[in-house]
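There are 2 protein chains.
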Amino acid sequence: MRIAVYQTSPAYGEVEYNLFTALNALGSFRADLFVLPELFSTGYLFGSRKELAALAEPIPSGPTTRALLEFCRAEDCAVVAGIAEVSGRGSARKYFNSAVFLGPRGLLGRYRKTHLFNLEKKWFDAGDSGFSVSVFRGARIGVMICFDWVYPEVVRILALKGADIVCHPSNLVLPFCQAAMITRSIENRVFTVTANRVGKEKRGEVEIPFSGMSQIVDPHGRVLRKAPRTGEKLIAADVDPTRARDKRFTPGNDLFKDRRPRFYRDLVR
Amino acid sequence: MRIAVYQTSPAYGEVEYNLFTALNALGSFRADLFVLPELFSTGYLFGSRKELAALAEPIPSGPTTRALLEFCRAEDCAVVAGIAEVSGRGSARKYFNSAVFLGPRGLLGRYRKTHLFNLEKKWFDAGDSGFSVSVFRGARIGVMICFDWVYPEVVRILALKGADIVCHPSNLVLPFCQAAMITRSIENRVFTVTANRVGKEKRGEVEIPFSGMSQIVDPHGRVLRKAPRTGEKLIAADVDPTRARDKRFTPGNDLFKDRRPRFYRDLVR
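For the record, the sequence lines run as chains Y and S. When we follow our numbering, the leftmost residue of the first sequence carries the number 1, and every step to the right adds one. When we follow our numbering, the leftmost residue of the second sequence carries the number 1, and every step to the right adds one.
If you're looking for bench data, these hints aren't it; they were derived computationally from the structure. Each hint should be verified, as a subset may be incorrect.
Because identical chains cannot be distinguished in the list, a pair is counted as satisfied if it fits within a single copy or across any two copies.
Said to hold, decoys possible - Once the Cα atoms are required to be at most 35 Å apart in a straight line, the calculated DSBU-like pairs of lysine-lysine come out as:
| id | residue 1 | residue 2 |
| --- | --- | --- |
| 1 | K200 | K50 |
| 2 | K202 | K161 |
| 3 | K247 | K122 |
| 4 | K247 | K50 |
| 5 | K257 | K202 |
| 6 | K202 | K247 |
| 7 | K94 | K202 |
| 8 | K122 | K257 |
| 9 | K257 | K94 |
| 10 | K94 | K50 |
| 11 | K257 | K121 |
| 12 | K247 | K200 |
| 13 | K161 | K247 |
| 14 | K226 | K247 |
| 15 | K94 | K121 |
| 16 | K200 | K121 |
| 17 | K94 | K247 |
| 18 | K200 | K122 |
| 19 | K257 | K161 |
| 20 | K257 | K226 |
| 21 | K257 | K200 |
| 22 | K122 | K226 |
| 23 | K50 | K257 |
| 24 | K161 | K121 |
All figures in this text were calculated on a predicted structure; none of them were measured in a lab.
Looking at chain Y on its own, in the form it has when it is part of the complex (with noise of 0.2 Å):
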């Protein structure tokens, strides 16, 4: 199974172009599974809910979602890509930080971000879809969003879930994730998947620059491809996803069978 990671830079608000770019670029190059950054049609810093409010999309039925289906379609591939979803009507409406994971047969799983990031706070609902896992092509794939890494407990339930890969659309800021995310993988024996952005966003006062830096991460920790600091770049590994249902840390050790919940409890409490 071929995985491509294309770290993006998209231009803020523009929907149209962001998705063009995109697709493009994926369209000249051929993997069975995409994955693209946190947010990548709609860009990161909203000034405000009303201006996500009108960048939101529901899924699967909104033009982004409904580009990506046509693409996995076209090219006989998965995508996992980060989009700004709306949900619900009047009063019950909600706005997600959200990432789809599509086929060629239509959406596989549908995530909305558990741990919302500083500002996101102010601009989205926190996510209540919890943590799955879908098949493709036989791989068991699953997703989380950007500043999730720093919660070991995400990684952890997508591999208890049976997860062999972790597909992590991201907007980075802070240095230390792409450290972090290696240690998920030894930790879980599991193929992550880190899609960062580039470039640099600013409103009034604020600006923040995206840290690159994407990588895809083999269960033993060790860096497949990772993507520069700047600049879009398409990085891609051929892996073999069972790989990681091999727990086997030594020969006396198999990482998940040695856990021992009933000492854990204070994890849920």
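The hints should help you fit chain S onto chain Y, whose structure is shown.
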């Protein structure tokens, strides 16, 4: 509070020698809290459970704990150190890979290793103590041992229980841990203090080289002090334990208040 780590190279089975060497090194230095490696007084590579039985000691009545307690009284300090523990009588007898936490006025805590590494399963019983935090000079101190590092649950639970400083006596062989402990500090905003050993042990076909690089990491993931890969070495850092109580990650994020345990139930199934 001054924390010191003594990276040792114990001689297998030579308890008196190892204890004397360690106390001699510690005695020439002033610190509030000394952290010694896992099994610092016995060495690591037991030939059998019977061999372990000949070296294991009750806590706190055994000679190693008594000598360390005497040191804490005389020097007005605390020590965390790894000890082979025997507990119970007759058919209820058990052997634990334990760590003691000792102060000038006696035993502050005892931890029995929850996640045994590889061959340790042949010698030791799995720890039954769970994870706890004790206070010394206003610092809240938790203890874990070596391979517990690969389970993110462990530092997380200690931090949720209020630990400012996680002491981590170790006999590390794999190269992943030191980087992972930086992530543990960041994701929990705690000090982590890894006391590793150096040297090799050999029994028949089995040879184990220990990886040194003991380290003291602050709640932002900065490595305050790091020992070399080889050689006995004492490293020390002056820290303010209360810095671990500020869990703000950004102006909008408190790492612990932002946890969403209702989505974490799978961790304890």
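Right, here's what the structure says about each hint:
Taking the closest pair of Cα atoms, K200 and K50 come within 35 Å of each other only inside a single copy of the chain (22 Å); across copies the shortest separation is 63 Å, beyond that limit. In this homomeric assembly, K202 and K161 never come within 35 Å of each other (Cα to Cα): the closest approach is 39 Å inside a single copy and 40 Å across copies. Only between protomers do K247 and K122 lie at most 35 Å apart by alpha-carbon distance; the minimum there is 20 Å, versus 40 Å within a single protomer. In this assembly of identical chains, the alpha carbons of K247 and K50 lie at most 35 Å apart only when taken from different copies (30 Å versus 46 Å within one copy).
Proximity of K257 to K202 under the C-alpha cut-off of 35 Å is restricted to the inter-copy arrangement: shortest distance 28 Å between copies versus 48 Å within a copy. When the C-alpha separation of K202 and K247 is checked against a cutoff of 35 Å, the pair qualifies only between copies, where the shortest distance is 27 Å, while the shortest distance within a copy is 44 Å. Taking the closest pair of Cα atoms, K94 and K202 come within 35 Å of each other only inside a single copy of the chain (25 Å); across copies the shortest separation is 62 Å, beyond that limit. In this assembly of identical chains, K122 and K257 lie within 35 Å of each other by CA distance solely across copies; the values are 17 Å between and 41 Å within a copy.
Taking identical chains as interchangeable, the C-alpha atoms of K257 and K94 lie at most 35 Å apart only when they sit on different chains, with a minimum of 22 Å there against 39 Å within one chain. Taking the shortest Cα distances, K94 and K50 sit within 35 Å of each other inside one copy (12 Å), while across copies they are farther apart (64 Å). When the C-alpha separation of K257 and K121 is checked against a cutoff of 35 Å, the pair qualifies only between copies, where the shortest distance is 13 Å, while the shortest distance within a copy is 37 Å. For the identical chains of this complex, K247 and K200 are inter-copy neighbours only, at 27 Å across copies versus 39 Å inside a copy, given an alpha-carbon limit of 35 Å.
Taking the closest pair of Cα atoms, K161 and K247 come within 35 Å of each other both inside a single copy (13 Å) and across two copies (29 Å). For a Cα distance limit of 35 Å, the shortest separation of K226 from K247 qualifies both inside one copy, at 25 Å, and across copies, at 30 Å. Proximity of K94 and K121 under a CA criterion of 35 Å is satisfied intra-copy only: 12 Å inside one chain copy versus 51 Å between copies. Taking CA atoms no more than 35 Å apart as the test, K200 paired with K121 passes inside one copy only; the shortest distance there is 20 Å, against 52 Å between copies.
When the C-alpha separation of K94 and K247 is checked against a cutoff of 35 Å, the pair qualifies only between copies, where the shortest distance is 28 Å, while the shortest distance within a copy is 39 Å. Within a single copy, K200 and K122 get their C-alpha atoms as close as 20 Å, which meets the 35 Å cut-off; across copies the closest is 55 Å, which misses it. Within a single copy, K257 and K161 get their C-alpha atoms as close as 14 Å, and across copies as close as 25 Å, so both meet the 35 Å cut-off. Taking the shortest Cα distances, K257 and K226 sit within 35 Å of each other both inside one copy (32 Å) and across copies (33 Å).
Taking CA atoms no more than 35 Å apart as the test, K257 paired with K200 passes between copies only; the shortest distance there is 29 Å, against 44 Å inside one copy. In the homo-oligomer, the alpha carbons of K122 and K226 lie at most 35 Å apart inside one protomer (32 Å), although the nearest pairing across protomers, at 41 Å, exceeds that limit. When the C-alpha separation of K50 and K257 is checked against a cutoff of 35 Å, the pair qualifies only between copies, where the shortest distance is 27 Å, while the shortest distance within a copy is 48 Å. For a Cα distance limit of 35 Å, the shortest separation of K161 from K121 qualifies both inside one copy, at 28 Å, and across copies, at 27 Å.
Checked against the numbered hints above, the structure violates only hint 2.
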